[in-house]
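Sequences listed follow chains D and P, in order. For the first sequence, counting from 1, position 355 maps to 376 in my numbering; every step adds exactly one. For the second sequence, counting from 1, position 16 maps to 7 in my numbering; every step adds exactly one.
Worth flagging that the hints you see were computed from the coordinates, not collected in a lab. Please note that the accuracy of each hint is not assured.
To spell it out: a stretch of chain P is covered by chain D in this simulated footprint if at least three of its residues, at any positions, have a beta carbon under 8 Å from a beta carbon of chain D; those stretches are [as the list claims (entries may be wrong)]:
| no. | segment |
| --- | --- |
| 1 | -4 to 2 |
| 2 | 197 to 209 |
| 3 | 238 to 248 |
Keep in mind that this is a model prediction, so the values were computed, not measured. For each residue, glycine too, the CB sits at the ideal point set by N, CA and C.
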Amino acid sequence: MAKNISRRRFLKNAVVGGVALGTGLGSYRVTYGQAKKPAGPIKIGGQGAISGAHADYGWQMMAGATLAIEEVNAKGGILGRKLEMKFMDEELKPATAVKNARYLVTDWGADFLFGVDSSGSAMALGPVLAELNRLHFFCHAATHRLTEELVAQRGIPQIFRMVAPVYQDALAAWVFKDNPEIKRWAGINCDYEYGYVAWNLFKENIKKFRPDVEFVAAAWAPFWTMDFSSHIAAVMAEKPDAIFATPWAGEGVMLLRQALMLGVFDKIHAWWQGMGGSVDLLEGLSREIEGDKFKGKLWATARYIHNYPVSPENKAFVDGFRKRWGKYPNYSAEASYSTIYTIKAGAEKAKSLDREKVGAALEGIELKTPAGVRLIRKADHQAVYTVPAGRATKSPDYTIPILSDLRVIPANEYFRHPPFTPVAATK
Amino acid sequence: MLEKLLFQSLIGLSLSMYLWLLAAGLTLVFGVLGVLNFAHGSLFMLGAYATFTLYGKLGLNFWFSILLSLISVGIIGAILERFFIRRIYEIDLPYQLILTFGFILVFDDLVKIIWGGVAMIPPMPSFLEGNLAILGRPYPIYNIFIIIAGVVVAIVLWLLLEKTWWGRMIRASASDREMASAIGINIPGLFTTVFIFAAMLAALGGALGTPVRVVAPGIGTAMIIQAFVITVIGGLGNLKGAFVGALIVGILTSFGILLFPVFELFIIFVVMAIVLLVKPEGLFGK
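Okay, chain D solo, but in the shape it has when bound:
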């Protein structure tokens, strides 16, 4: 037991060390004479946004991976070797992400990499990973181009994506196709790749089901938008029936609060908040959801929701996470947790920690994870699994609001498939 605690403390220190480095407080310390001995720990380097309005995602990522590493280490590690993690702040800046990855591999000696919240950071990392030759498991960055272009087309084998990409946001097309009263759609979207692609994919898909829908307005909000009222007022001027929105994390909370202030929910039939099923949004809006301020019109999905699926794996994960951290896990936590187990599965299947062998072993593998069965597609290294959409509701069974009235559409229906046709990544 004492051993267990000291390991936890050690991990915690490793994490805190990583945070200090990421904040720019600590200087990059290069330690010499740490050449990897075969019996040493397997080093896993992670990075995510752990500061700013999106910081909860990076924290969750770190928390999910920490939990999995503690569990795996308690059962003897991977192929007899313990795991060790360092986690850094990518600050949603591509240059920082690249710098971090280089530091983690070259100086710290990482065997595997994971994490990354920003699509921009992910795209910048792609080519660098080929050079560093480390498998990188992306746990949040959602741009389709990461897997479609960098893996399926350019063939960078080091990239794996554990999390549902931007295809998930377009699920709105399936959810609202049978609502004849919703004809006029407006978008309030992130003014960067994720927002453009989500909105374009949604438009493309809903048009297939419903040639009669119109897209009456679109407003674009960059990172660090603090006041969305101009965006909301601009799209509401066109009297839409429903709104499709992508701002996430703290910005999503602010957007919805400001929409309430502007009386939007008296005027529309539905609001789709792409990643509104994330724990931080549901928590940040719990007063409003409990008070039924959204009048049951707030619909959302996420890249995993903790109340789906009902399975022993999911229950064990959610219970373990809550016990360890006193919070519900969001999707970046589930993805990083599953990443550690995916590395384990790959290494055990390959009976080796050799990067090429592990990578090859993971192609086409099916894994039982908290989010359900994940199939890692061979062609694009994208994990395929189903996440439902639902209505933001207060439930007596949970301390924070959840998504309910779940609409489960199989991932194979709404994920894009190779060979890929181009999607515009522009406004």
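The hints should help you fit chain P onto chain D, whose structure is shown.
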């Protein structure tokens, strides 16, 4: 269309007021102390954090929290001026930039250490919830409150500077520091008070935004760029210019989102470029 534009400009007006509170202090410090304070946005952020802690965490009264935040940020401002800024009045501008930029990093990291990096959102004070119908569309009461607060600050500032002895001393030392000193004005003391006052203005902007805007490290830096644009448009060191500049930037940003959603971010910079070409000293600059 006219109604759409009018409503959009009302939304932009509330945006302008946060910018005005920030730009007012920035331009005041430049006009009087001759210091371009890059860290001014950090004081805005500290105001937001202090209010968040007092009001959102400790559950104190909203107004009392704002007051306490202003006082605490004022104290931080006093320390900044007395021990750091004061040492660089006489040396070149680049040193001011290095010092004040350094403080941005220090404050951002301090905030991360104390509050963590996660964005925080306190509840809305219930008496400011709800909306009124303006031009047939719901307009938030909170925005009305922000507009009134901004205008009140503008009037108070104007009265202070134009109608009081203190204001006269400030204007005197702004136009000629040596002469003011020769007639017996305590310049160092005056500079400290002006800096404190500017810090409190920034903190007020941050504090008023807490219930509706996100509180996170970096919000100051995100705002300060716009504040610089405002002071360039209005004329550095000119309060009237800062007010008009804030109105222009806030309302144009809001219009841009309605009219040119694809490239609205450019608009204020285009305006700034035009001002720089036509009247490089700013609309109200001398």
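These are the hints, each one checked on the structure:
Against chain D, the segment -4 to 2 of chain P contributes 3 residues with a C-beta closer than 8 Å to a partner C-beta. That satisfies the three-residue criterion, and the hint holds. For the segment 197 to 209 of chain P, the stated coverage by chain D holds: 7 residues have a C-beta nearer than 8 Å to a C-beta of that chain, and at least 3 were required. For the segment 238 to 248 of chain P, the stated coverage by chain D is satisfied: 3 residues place a CB nearer than 8 Å to a CB of that chain, which reaches the threshold of 3.
Figure legend: structure checked against the earlier numbered hints; every hint is met.
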